[in-house]
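Based on these hints, arrange chains L and Y on the given structure of chain W.
Chains as they are written, first to last, in our numbering: chain W, 1 to 286; chain L, 287 to 575; chain Y, 576 to 867.
If you are wondering where the hints come from, they were derived from the structure by calculation, not from laboratory data. Using N, Cα and C, we set each Cβ at its ideal position, and we do this for glycine too. Errors might be hidden in some of the hints.
Derived, one-sided and incomplete: chain W residues facing chain L with beta-carbon distance under 8 Å [as the list claims (entries may be wrong)]:
#, residue
1, I99
2, V103
3, P106
4, L107
5, Y120
6, I124
7, A222
8, V226
9, G233
10, G259
Have a look at the derived ranges for each label pair, beta carbon to beta carbon [said to hold, decoys possible]:
#, chain 1, residue 1, chain 2, residue 2, range
11, W, D54, L, F407, 27 to 37 Å
12, Y, N614, L, L308, 14 to 24 Å
13, L, E332, W, T79, 48 to 58 Å
14, L, Q479, W, F53, 51 to 61 Å
15, L, F327, Y, N614, 33 to 43 Å
16, L, L482, W, D26, 34 to 44 Å
17, L, E332, Y, L660, 50 to 60 Å
18, W, D54, L, Q479, 54 to 64 Å
19, L, L418, W, E81, 23 to 33 Å
Below, simulated SDA-like cross-link-like pairs (lysine to any residue); rule was C-alpha separation at most 20 Å, straight line [what the hints assert, rightly or not]:
#, chain 1, residue 1, chain 2, residue 2
20, W, K115, L, L311
21, Y, K693, W, L273
22, Y, K807, Y, E839
23, Y, K693, W, I174
24, W, K194, Y, S600
25, Y, K673, W, E176
26, L, K310, Y, Y608
27, Y, K673, Y, E732
28, L, K405, W, P25
29, W, K55, L, V326
30, W, K20, L, Y406
31, W, K115, L, V326
32, W, K19, L, D409
33, Y, K711, W, S188
34, L, K365, L, K381
35, Y, K693, W, L202
36, Y, K693, W, G270
37, Y, K693, Y, E732
38, W, K194, Y, E839
39, W, K194, Y, G707
40, Y, K807, Y, T642
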Amino acid sequence: MSRSIEAPTGLSMFVYRFKKSLQTPDPYLTIFGVGLWLFVWWLLCEGLRVDRFDKIPGPIAVFTELFARTPFQGISIFTPEYYEHILVSCRRIAIAFAIATGVGVPLGLFMGWSKRIRDYAFPILETLRPIPILAWVPLSILMFPGFEAPVIFLATLASLFVTTLNTMLGVDSIDEAYFRAAGCLGSSNWDVFKHVVVPGALPYIFTGLQISIGVAWFSLVAAEMVSGDLGLGYLIVDSYMNNVTVPMVIGMITLGFVGWITSVMVRALGNWLMQWHVKALALQGR
Amino acid sequence: MTDIVQPNNAGVQAAPKKRSRLQKLAQNESLWRGITAIAVFLLIWEIGARWDEWFGKEWMIPGVGLIPPPSDVFAAWLKVLPKPGYWDSWYQSFKRVLSGFLVAMIVGIPFGLALAVNKYFRDVFFPPFEILRPIPPLAWVPASLIFWPTNEMSIAFVTFLGAFFTIVINVLGGARTIDVRYLRAAQSMGASQWDLFSKIILPGTLPSIFTGAAVGMGITWEVVLAAEMISGGGTQGGGGLGFFIWNSYMGGSLEQIVVGMISIGIAGYLSSSAIRLLGDWFMPWRRLF
Amino acid sequence: MNVSVSNFDEAKRSMTVSQSRGALSIRNVTKIYDPEGVNVMAVKDCSMEIAAGEVCMIVGPSGCGKTTLLNAIAGFHSITYGEILLDGELLCGPGKPKAEQGAERMVVFQHGALFPWKTLAQNVAYGPMVQGRLSKSLALEKSRDMLAEAGLGSVTEKYPGEVSSGMSRRAEIVRALINDPKVLLLDEPYRAMDALTKSIMHESLLETYDRTKVTIFFITHDLEEAIFLGDKVHIVTTRPCQLKKTVNVDIARPRSYETQSSEEFRLLMEEVNEAVHEEAIKAFKAGERELA
Numbered sequence: 001m002s003r004s005i006e007a008p009t010g011l012s013m014f015v016y017r018f019k020k021s022l023q024t025p026d027p028y029l030t031i032f033g034v035g036l037w038l039f040v041w042w043l044l045c046e047g048l049r050v051d052r053f054d055k056i057p058g059p060i061a062v063f064t065e066l067f068a069r070t071p072f073q074g075i076s077i078f079t080p081e082y083y084e085h086i087l088v089s090c091r092r093i094a095i096a097f098a099i100a101t102g103v104g105v106p107l108g109l110f111m112g113w114s115k116r117i118r119d120y121a122f123p124i125l126e127t128l129r130p131i132p133i134l135a136w137v138p139l140s141i142l143m144f145p146g147f148e149a150p151v152i153f154l155a156t157l158a159s160l161f162v163t164t165l166n167t168m169l170g171v172d173s174i175d176e177a178y179f180r181a182a183g184c185l186g187s188s189n190w191d192v193f194k195h196v197v198v199p200g201a202l203p204y205i206f207t208g209l210q211i212s213i214g215v216a217w218f219s220l221v222a223a224e225m226v227s228g229d230l231g232l233g234y235l236i237v238d239s240y241m242n243n244v245t246v247p248m249v250i251g252m253i254t255l256g257f258v259g260w261i262t263s264v265m266v267r268a269l270g271n272w273l274m275q276w277h278v279k280a281l282a283l284q285g286r
Numbered sequence: 287m288t289d290i291v292q293p294n295n296a297g298v299q300a301a302p303k304k305r306s307r308l309q310k311l312a313q314n315e316s317l318w319r320g321i322t323a324i325a326v327f328l329l330i331w332e333i334g335a336r337w338d339e340w341f342g343k344e345w346m347i348p349g350v351g352l353i354p355p356p357s358d359v360f361a362a363w364l365k366v367l368p369k370p371g372y373w374d375s376w377y378q379s380f381k382r383v384l385s386g387f388l389v390a391m392i393v394g395i396p397f398g399l400a401l402a403v404n405k406y407f408r409d410v411f412f413p414p415f416e417i418l419r420p421i422p423p424l425a426w427v428p429a430s431l432i433f434w435p436t437n438e439m440s441i442a443f444v445t446f447l448g449a450f451f452t453i454v455i456n457v458l459g460g461a462r463t464i465d466v467r468y469l470r471a472a473q474s475m476g477a478s479q480w481d482l483f484s485k486i487i488l489p490g491t492l493p494s495i496f497t498g499a500a501v502g503m504g505i506t507w508e509v510v511l512a513a514e515m516i517s518g519g520g521t522q523g524g525g526g527l528g529f530f531i532w533n534s535y536m537g538g539s540l541e542q543i544v545v546g547m548i549s550i551g552i553a554g555y556l557s558s559s560a561i562r563l564l565g566d567w568f569m570p571w572r573r574l575f
Numbered sequence: 576m577n578v579s580v581s582n583f584d585e586a587k588r589s590m591t592v593s594q595s596r597g598a599l600s601i602r603n604v605t606k607i608y609d610p611e612g613v614n615v616m617a618v619k620d621c622s623m624e625i626a627a628g629e630v631c632m633i634v635g636p637s638g639c640g641k642t643t644l645l646n647a648i649a650g651f652h653s654i655t656y657g658e659i660l661l662d663g664e665l666l667c668g669p670g671k672p673k674a675e676q677g678a679e680r681m682v683v684f685q686h687g688a689l690f691p692w693k694t695l696a697q698n699v700a701y702g703p704m705v706q707g708r709l710s711k712s713l714a715l716e717k718s719r720d721m722l723a724e725a726g727l728g729s730v731t732e733k734y735p736g737e738v739s740s741g742m743s744r745r746a747e748i749v750r751a752l753i754n755d756p757k758v759l760l761l762d763e764p765y766r767a768m769d770a771l772t773k774s775i776m777h778e779s780l781l782e783t784y785d786r787t788k789v790t791i792f793f794i795t796h797d798l799e800e801a802i803f804l805g806d807k808v809h810i811v812t813t814r815p816c817q818l819k820k821t822v823n824v825d826i827a828r829p830r831s832y833e834t835q836s837s838e839e840f841r842l843l844m845e846e847v848n849e850a851v852h853e854e855a856i857k858a859f860k861a862g863e864r865e866l867a
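Chain W with its partners taken away, still in its complex shape:
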């Protein structure tokens, strides 16, 4: 019998792919693409000052401001306010995401596992789900005191639906044969839950969590824009109100970057927890 092939994973895989890719036109085209985009942005907003585009700050204005020790419009990487906004938003996301995951994953697992629980919980969930999260804004402002609670509530609600449904679908996706095998091997119900339902649903759970953190950011921004005292969404809308456009764009860029980082973190955690999944996919050449 042949030995199984060692699947290159992690850093060595990355380095190998990186070296290999340098021999193709791909990375150069990517650099060209990003450069082209920055150039067009500059040309429209700063170079030619096309009508209406001239109201939007161009890349040079944004980046000089971002790296300025004493920014003209108040926000740069040297001002503590910048980090305060980021920190506040991240803290809200962390709380909302933790609550939504802590409630949504177990709820979804139980809904997938037990038909009885699903029969009761699913209709309620499906009745509430079509209501857009943002329609909850006024009600949540009224229901919860202060600035913090309504914002966190909205972000939590948004990710809760996504996490619960994806977890439930994850349990549904588990091949019947695994349940049967577990039954044959003499598992108790709890064993089935622990050894089949939870690990089997994990890939879907993490897909769900990645969507859910995106949705949480989406709702957080909306909530911060409508009611907030700090945070990146507030920074954007506050700059708009005060007619300072550069911090507004800085806020947008930061938001995109931080959102991307959190999503990468969720994915990394998922890959770390699901070695079996990653290795199987790697062997299939994905």
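Coordinates of chains L and Y only, in the frame set by chain W:
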């Protein structure tokens, strides 16, 4: 789903007999459980909201106590139903959602397909797309308010952005997972490049296009709602269900806020059902599943 | 500690010698799916006796209800009429439509059901662990021993997704055997394999059987496989599944691949082929009727 959770409900050994469809529906356990769950949910809501009425203000449940009970919401709904202003809100919101959504489809599908089909196109245009994608659509609202001359146009633009990114990503993902064997089979039968595109890639991508459309439709509703709430307070570009909610909030009518929420829920549900129906109609081969 | 050690010894002993157990009686079993609705009869009045330690091959056209029979024995499905006994004990029958699932009847599934999220060693150790027969560390130790015995010693810490289909299928049989089952139920386990892998799988299974003498209930539609492995080949009809013919395979054990080119093998092939071909045509026509 599994034998472990499903009770063995086969009467077995006894002679099997047939039942009518209606009888079957009446004996459907899941259906009755669902109805019970929603009834209990409404009952708890009603009791929770009326608690302070019955036991005095000091017994009010924090948060929940403020929500109007379902009976009041229903009464308020009946009151606004005949008003043309209410239906105009529906019309306004639907108009915005549909226009933004359609433009996103018209631009997003060709763009996504181009990304999938042409490697060089993908190399150049995908990275900037990926840089912009993580920015939540609502973060664009102030910038587009500055850029576009009217509020209505900025709402349309943000709506478009919301759906655009989702649709492109889905189209790209769908087109790239098409089994290469279909393409080879078509090529071996003498298909031209255009045939490959129109007969294989396009239909092969349709399921993902509809998935993307369904998700995009949800985002579109969120964005339209937010845009209406943020800008609706102003003089221009008012109207719509978001404005209806915001207006009720400003006017302090809690019942109407909930009416607005439910209306939007229904509107969103109708839109996504429409997409599902269209999907079934466009993809007859998928009806089997 | 003493207790678990003695458990370990006992389990090891019973691994090697376990004759005269695992006799299956299937008596007049009928299975009707969804009797109140679609009403499909999958198995009709099917009876067969399988002696302890026998390799019993069930051959029939695709979709004829063989798997239904296996599911009834394993306890995944209920039966509508009839009874199934294991060593004289009622598994399912009147008043007890569905058998309990238990470790004395181990199933090896058509597409494989090793848990992809556990390594091969963890997979094999799973049964004894959840049944509380062995502690986790002892179960793992024993599982590694048994995997090594099956020639999988080098991949015990790999996930099923990382090894070949042949390896994972052998590991699955090890996972079944560690529980010291009375009957091994195999549902077309080598269906998706190429001929070369398949022949290695066959030899490995035969070697395992010669060592353990476990009763094997093996579903297949590969006739060569049926004769090569089996003591008896039961040919069943197309849906509803009914016993059509039983062919005794009197080829001496241990068998090797050379057996397949012998004259007696060829004659048996002919006999089985004839019976099966008739059913295959019937099944094909039935399929056409259903679509029409």
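### Query
Of the hints stated earlier, which fail here?
1, 2, 3, 4, 14, 16, 18, 24, 27, 29, 34, 38
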